[in-house]
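Protein chains in written order, with our numbering: chain A, 2 to 365; chain B, 5 to 446.
In case anyone wonders, no lab produced these hints; they're calculated from the structure.
The model shown is predicted, which means the values in this text are computed figures rather than measured ones.
Please note: incorrect hints may appear among the correct ones.
With a Cα cut of at most 27 Å, we get these calculated DSS-like pairs of lysine-lysine [what the hints assert, rightly or not]:
no.	chain 1	residue 1	chain 2	residue 2
1	A	LYS119	A	LYS32
2	A	LYS269	B	LYS322
3	B	LYS157	B	LYS143
4	B	LYS437	A	LYS303
5	A	LYS303	B	LYS322
6	A	LYS269	B	LYS437
Derived list of chain B stretches under chain A, where covered just means 3 residues or more per stretch with a C-beta under 8 Å from a C-beta of chain A [claimed, not checked]:
no.	stretch
7	329-336
8	357-364
9	414-428
Where a beta carbon is used, it is the ideal one built from N, C-alpha and C, also for glycine.
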Amino acid sequence: MKALILVGGYGTRLRPLTLSVPKPLVEFANKPMIFHQVKALAEAGVTDIVLAVNYKPEVMVGALREYEKECGVNITFSVEEEPLGTAGPLKLAESVLTKNDEPIFVLNSDVICDYPFKDLAAFHKAHGAEATIVATKVDEPSKYGVIVHDRDIPNLIDRFVEKPVEFVGNRINAGIYIINPSVISLIEMRPTSIEKETFPLLVEKKQLYSYDLEGYWMDVGQPKDFLSGTCLYLSSLAKKERSALTPTSEPFINGGNVLIDPTAKVGKDCKIGPNVVIGPNCVIGDGVRIQRSVILKNSNIKDHAWVKSTIVGWNSTVGKWARLEGVTVLGEDVTVKDEIYVNGGKVLPHKSISANVDTPQIIM
Amino acid sequence: MSTKAIVLVGGDTRGTRFRPLSLDTPKILFPIAGKPLLGHILDSLILLPSLTEIILIGFYDKAVFEGFISDYNAKFQLEERNIEIKYLKEFKALGTAGGLYHYRKEILKGGPDEFFVVHGDVITGFPFTEIFKFYQSLKSAKKNVEAILFGVKINNYEYFKVLNNSTDRHSFGTIVSADTKVVHYVEKPEQKISNIINGGIYLFDNKLFKRLSNAKITKINIANDISHPELVDEDVISLEQDVLQKLPDDGTTYVYEYKGFWKQIKTPADALIGNELFLENLFQKRLVPDKAIKLTAESGAENGITIVPPVYISPSAKIAENTRIGPYVAIGNNVSVETGSRISNSIILRDSTIGAHSVILNSILSNNCTIGSWARIEGTGLDSKKIAESIESQANIIGIKGTGNITILGSNTEVAEDSYILNSYILPNKSIKFDVRYEIIM
Chain A
2 MKALILVGGY
12 GTRLRPLTLS
22 VPKPLVEFAN
32 KPMIFHQVKA
42 LAEAGVTDIV
52 LAVNYKPEVM
62 VGALREYEKE
72 CGVNITFSVE
82 EEPLGTAGPL
92 KLAESVLTKN
102 DEPIFVLNSD
112 VICDYPFKDL
122 AAFHKAHGAE
132 ATIVATKVDE
142 PSKYGVIVHD
152 RDIPNLIDRF
162 VEKPVEFVGN
172 RINAGIYIIN
182 PSVISLIEMR
192 PTSIEKETFP
202 LLVEKKQLYS
212 YDLEGYWMDV
222 GQPKDFLSGT
232 CLYLSSLAKK
242 ERSALTPTSE
252 PFINGGNVLI
262 DPTAKVGKDC
272 KIGPNVVIGP
282 NCVIGDGVRI
292 QRSVILKNSN
302 IKDHAWVKST
312 IVGWNSTVGK
322 WARLEGVTVL
332 GEDVTVKDEI
342 YVNGGKVLPH
352 KSISANVDTP
362 QIIM
Chain B
5 MSTKAIVLVG
15 GDTRGTRFRP
25 LSLDTPKILF
35 PIAGKPLLGH
45 ILDSLILLPS
55 LTEIILIGFY
65 DKAVFEGFIS
75 DYNAKFQLEE
85 RNIEIKYLKE
95 FKALGTAGGL
105 YHYRKEILKG
115 GPDEFFVVHG
125 DVITGFPFTE
135 IFKFYQSLKS
145 AKKNVEAILF
155 GVKINNYEYF
165 KVLNNSTDRH
175 SFGTIVSADT
185 KVVHYVEKPE
195 QKISNIINGG
205 IYLFDNKLFK
215 RLSNAKITKI
225 NIANDISHPE
235 LVDEDVISLE
245 QDVLQKLPDD
255 GTTYVYEYKG
265 FWKQIKTPAD
275 ALIGNELFLE
285 NLFQKRLVPD
295 KAIKLTAESG
305 AENGITIVPP
315 VYISPSAKIA
325 ENTRIGPYVA
335 IGNNVSVETG
345 SRISNSIILR
355 DSTIGAHSVI
365 LNSILSNNCT
375 IGSWARIEGT
385 GLDSKKIAES
395 IESQANIIGI
405 KGTGNITILG
415 SNTEVAEDSY
425 ILNSYILPNK
435 SIKFDVRYEI
445 IM
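The following block holds chain B by itself, in its conformation from the complex:
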């Protein structure tokens, strides 16, 4: 028995909404709670005993994933797991299923029984083993099952929409099911028809490739049909529109209903929410996958450092005394936090220096930033209470804009002593000597 996992990692011509962070790091390798987004996916995937191969498909340059792949190869060796990991580059953006079709031979090599397909830009609890168990239980109950959709059950749909920047329409795939059997799938419906949305994770058996072939043939036919009103690129296949929409007709698709946290990472503000959700999840489950994760309040009288959990602090980071850190803070390698600093709800990537008595709130600091003493880097953050109130009062919800609620410093940013930066994006390699409010500094 063998299972493969395909992670759709996207490419750098997409993900522009993740700028300026994606100027330094591909979105999928952006560290959330101290670990690249992709690392969170892989670490959950390898809990599957039957996993034999992880294939990353995208259109980034191959070099982008080299370091990451060699890290994981080393990890697999250390854990004596016989798992292969590789990156397959699309010759252009092929849609969510074009790459699967293009590399079908590579994927089917070795005769795997089933495949996880995972969208790389979501964060969730990644319950792959539970989905797999659900699949096996259906099979052992003699059900005819060829696909499992990971359905996220939304309790407060309106709130969820706001949190996910979805305002004018329902920008999620929506799943209608009867006793876990999927009876209907709509991509981005105009009306709310169900509170289970497509979470971007699927488990398919081999029949997927038959469906992909059919979708491809349909595409070619449309592309060659001169009477068709729109120009169609036959190379591009959408998993959602060309495959999932048709699946329910055969009655072989089921939904794994998930009630935990789920968030699509589109903008830098999403990364900060993702960081919070991840750390909070670990906190609530009392999981300590890594000793850098601090889940208990530490208020050392002897060192004067106050930790408000949950936070992630890299073991190579240096934290000085009289500091207060947390909640929802991730501090990367070789960061130095000087005396009397305050950091809350923020991601500090590698090699930065946070000056004495400075304040960092709701912000992301890219690599190698230097923050002067008494500087204040601040984002207003998400006011979930206010969102809930405006939903309740039926006010017109304007949504959470990608900018404006957090501050982002690009790599090598220098912020002078006493400076204040509020709700602004600073592109890499800038030196900030004055106060900056609601601005993008090029």
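For reference, chain A alone in the conformation it holds in the complex:
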């Protein structure tokens, strides 16, 4: 089977992290975001993956060569000359994707969940129509495009209602699809949207079904959701694969859902958790308090610092008695001086912060 991952552009919503590293390589739970998807696809029997990108940094090519070997898949890049939307990249990669009649997985690279690829493929084959959308339940459907089903045929999509003012359902498009190669022939070679242009055509032909996603789902394309998504992922891991988490028997673990790379060092008297990821080679000093945060690799959190709802970028240093909170994001190689308070600061790479940041703002 084959898959296309829609990576797109520069990941500006995840800046300042994406100023240093292409979005697919930003570590989510200590593994590059794209790796989670490549691995899940490979496990579901996918052999060829196309990455639809607007630009192709060398570092990304190198990283994906490794994943090819590690996961035993074949990865190719499909580089768009101009942004082609969500459907155009399928057309661009048509020759690769339509080599055989096997259905194709299509997914947005920002989406995390327990990828149900195997089950999805079986579901798709069973109903026999041309395409299946993965649907997830949301609390506030009024903010999204909501799926409305056919009255008689289970799971057949009747229509989409964009930002419904009245309750018509609570299932939305989760950004993961499986399509037959024939769908690509419906797409024109121009910037076009699979959601807005291709799917309505399939709906008309009664060829679009939805598949209910179990468990969590999150678009982690921006820092706030990146943190929320990390919490969801860690909670899921605690249920499915508790041994992957740092054991709660460690004296410094508070409340669980903590993932600490074995090469990271944690000092004494710390209180870490819940919902914390600490990357490789990080050094956490004594008496440090961390909750609901992600510390990326090679960072140093000094003694008595307090970190909450924060992403600490690679090679950064947080000073003694510093306090970070309010979805603060430190870019690569940022230094927060001792005793400094940062609330909701988005700090660009290589900056040194030596005065308090009381209110959310961008530090250039």
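Please build the complex by placing chain B on the supplied structure of chain A, with the hints as guidance.
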């Protein structure tokens, strides 16, 4: 030869600007650098060999000063000093000189030669002996001298104004002198006429009481003059307006020019500045009046406590390891500072517990506060560099507001683990479980 000292201590219907701290302690008894403000004044006064009596005049309840007075009586006995100390309560707020007039007989008892009159709400180096020496040198030079004003010479007047919350006008008495002889005195002038301001300390001889009588008569006359446009309370006499303004005419008043630190204590933020100035003064002069004052950097590898001088730590306070304390910190009796805490530019009064890994910056903690682990109590503090810059750029200076730059916890405040309090005032007996920013919690 005998000298008396009168300290004007004010009362609790005034000093509301010192809330919430004055809800617990009268402003004048508030500890600065580990000692009540009044104690700093008295400890400097008793360096005068001729001092025979200290009289506190104010309109606080008598009980307020009982403990303080008995402490000082014990101290005088121990040091074998024949000094009396008493508190005289005004029947109402009588202005800065009404109490002096009212209690003139009490003050003149025993025939003292001269009197120090001290406003209790300023902090300075209190150079009483130097003022006294200056007075004696004038007398021995056959000068006709009946009063010495303590004049504070201001180097950077604009900066000084900002630091003292004086923005719209010049809210200080201003002294114009020629070769130390005072030729003119203006209370709160509209224009800057001199860079010597009245520091709120005076040395008078007996003629003061003649002047007070004259002022009283004038007051009664005005009060009884039905054509006078304003209602005048004949009991209220102002030392500044009714006495000092008239003094220069007789050419018998001199100014002792002082170039050291001086600060009026009006708001809690002033107390923190006062604490800093006092400790810095001791530090620069390398004076250790008390072994609780730490003027040297101590970084004990064996106990892991880092002291950034100058700080005051009560001998009964317990400081745990891996803490960093200072500069400008005063820690009172029975305070417990737990492991890994950081305290800078703050006053911690009695009996508080500062939890592990917590941070206290630019704040005042009243008695018996409990701070949870990893809590952060913070005031932004004074940014003197920024003030200087805005003065230089001729920007409109908005002054230092009484609130907003420091955090104050009233007594018995509890702050939960992980909580953050920024630039807020917490009134006594509150339990804080959430973050508080720029708020007054009633």
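**OP:** Would you list, in rising numerical order, the hints stated earlier that this structure does not obey?
**Re:** 7
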